[in-house]
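One letter stands for each residue in the lines below.
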Amino acid sequence: MHSNWQTALGVLALFVVVNGALFMLTELRLGESFQTSPGVEQPIDLRTLPLNRIGLAGEIEAGTFTGPSLLSLEMRENVDFLLTPALIVQGAITEGDIVTYPEE
Amino acid sequence: MLPIPKSDQNPALPQFRRLSLAGAVGLAVIAALVATESNSPPHSGAAPWPVGKDVGAVAFDCVIEEDAPLAAAKTVLFLEYAVSPQSIAYSILWAEPCWGSIHFPCPPTGTSLYADDSRFVVRHALNDVQWQQSLPAEPRGRFMHTCGNYPLVDARIAYQEARGRRLRVSDVPALEANARCGGIGSPLPDRSGRPPTGISVSGIEPERISFTFQMDQPTERRIFEYGLEEGRLKTILGESFAVQVPVGGFEIKATTPEFPAGVVIEQLPARYHADGRMVLVEFSPQAIGGVAVDLPHRIRVGTQKRQVGGPAPLRRVSMSNYRRLPEETTAETIGSRFTSDPLFEREQTFRKLTANHWNRPVADVDPAAAAWLREFADDCLRIAHDEPRLPVKLKLLYMAIAADLIVGNGARADAEGLPARDRALREAGLDTIADLTAAQLAAIRANWRRAQGDFE
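Going down the list, the sequences are from chains A and B. Position one of the first sequence corresponds to residue 2 (the working numbering), numbered consecutively onward. Position one of the second sequence corresponds to residue 6 (the working numbering), numbered consecutively onward.
Looking at chain A on its own, in the form it has when it is part of the complex:
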């Protein structure tokens, strides 16, 4: 008769094997999708795709901006803007410079 700990060990081993197999299968499948094979890639015309397929590009085209990628642009604008006060002042205190807005 098996003791409780032997049963638990058996269940644990089965769990590890099944999960490992699932993990490997998933990785293989995802790996296929992200491989960049020139033979598989084809240009896609965004205009022929429904809006829910084209995601961020569609949002941008439609003028609705909710994609998380735009957060990168927003952060960049916030950081680059810190240069703006200095650059305006630098133009104003530099002989021969025309004062302009630096367009961060």
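Honestly, the hints are just simulated from the structure, not real lab data. It is possible that some hints are incorrect.
[Said to hold, decoys possible] Selected chain B positions facing chain A (Cβ under 10 Å, derived; list incomplete): (1) GLN91; (2) ALA163; (3) PHE288.
Source: prediction; values computed, not measured. Glycine included, each C-beta is placed from N, C-alpha and C at the ideal position.
On the provided structure of chain A, position chain B as indicated by the hints.
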């Protein structure tokens, strides 16, 4: 097509984009005829382009209020700038809201930046790290998705682009010739680091000069207008907007059709302002070393919906306390801005103790640490009382309140630290941040009580 921003609150802003093509061509022809007829440039030799004066290196204090629309985050940065004709530098002295996360790539306080003709140095004094880069020789190109982050040192690309796009007095003859030709765009002369840029000058008048930059990105255009008064620069009014959406500008990678994700967008346009941007920079005369020079005292950045003149633009910047620096700032001096402060070592100890004891019952606080924190809180309150610099005062009060809460002296925090902090913020016109941080701290204390009992 993108929605094109309007500037209803700024009627002086040129609205070129609203002109029909026929109207624009007609105006150009008329302007060219007038110029040919008179055979002399308008305001020849006296065009009031705002030209800089060499007054040496200056320092100034700056408060930047940002309201990031996508991140839905309000942030206030307190900075000190040091600028000379050869270099720029800033230190972030303090940032609000202090009890919650801040929309910035790193903890802002303690960050400093220095840039000159060859170096771009970013340092974080509290974390004791430094990045140094040379300036890029090429334009940025397409901006890669950065998962909402943006390394500060990447601002060197924006710095280089701004330097390359700067106008000089030597450009004025070409600009005025451009205006005589009816403002038809012409490329600016090549300069190191400058992305291809065209400029068209649409009007030179005694009180107003208008011109348009056409960037290397065909999707963007920027219009600027100087407001002048008796030869003095009063305002720069600017507007940028997307002309069209570059569907072809996205690089699309197809994946296997059975996966619904289907399309992977790898890159974004190098520059994209979803709702356009409008800026208004206001200048006033300042005396630096006995020389009067027009320097900016306020900058506002808005959009079509959140106008610069409205109650909630994207950014509000106030610049004050201009003073001449006896010596030019270097990367080393700006980097040691924090470490040379007499309180720096104690601040570091405070941060370590706070990290170890925050949100823990008073009984768990090490007695020696508690004694140190009590004394530190006393000193912070005392120094803050007479401290005239707002960011330093806010930092001292923040540390006093945190130390008081950790050692179970919440009654003093409620009676002294918190009211003083609230008063300082409101006197500076930062009511939104005062409300926000008060709510954040109240929530933190409520959670603290719920989790571990009312031990304050």
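For each hint given before, does the structure comply? Return the numbers of the non-compliant ones in rising order. none
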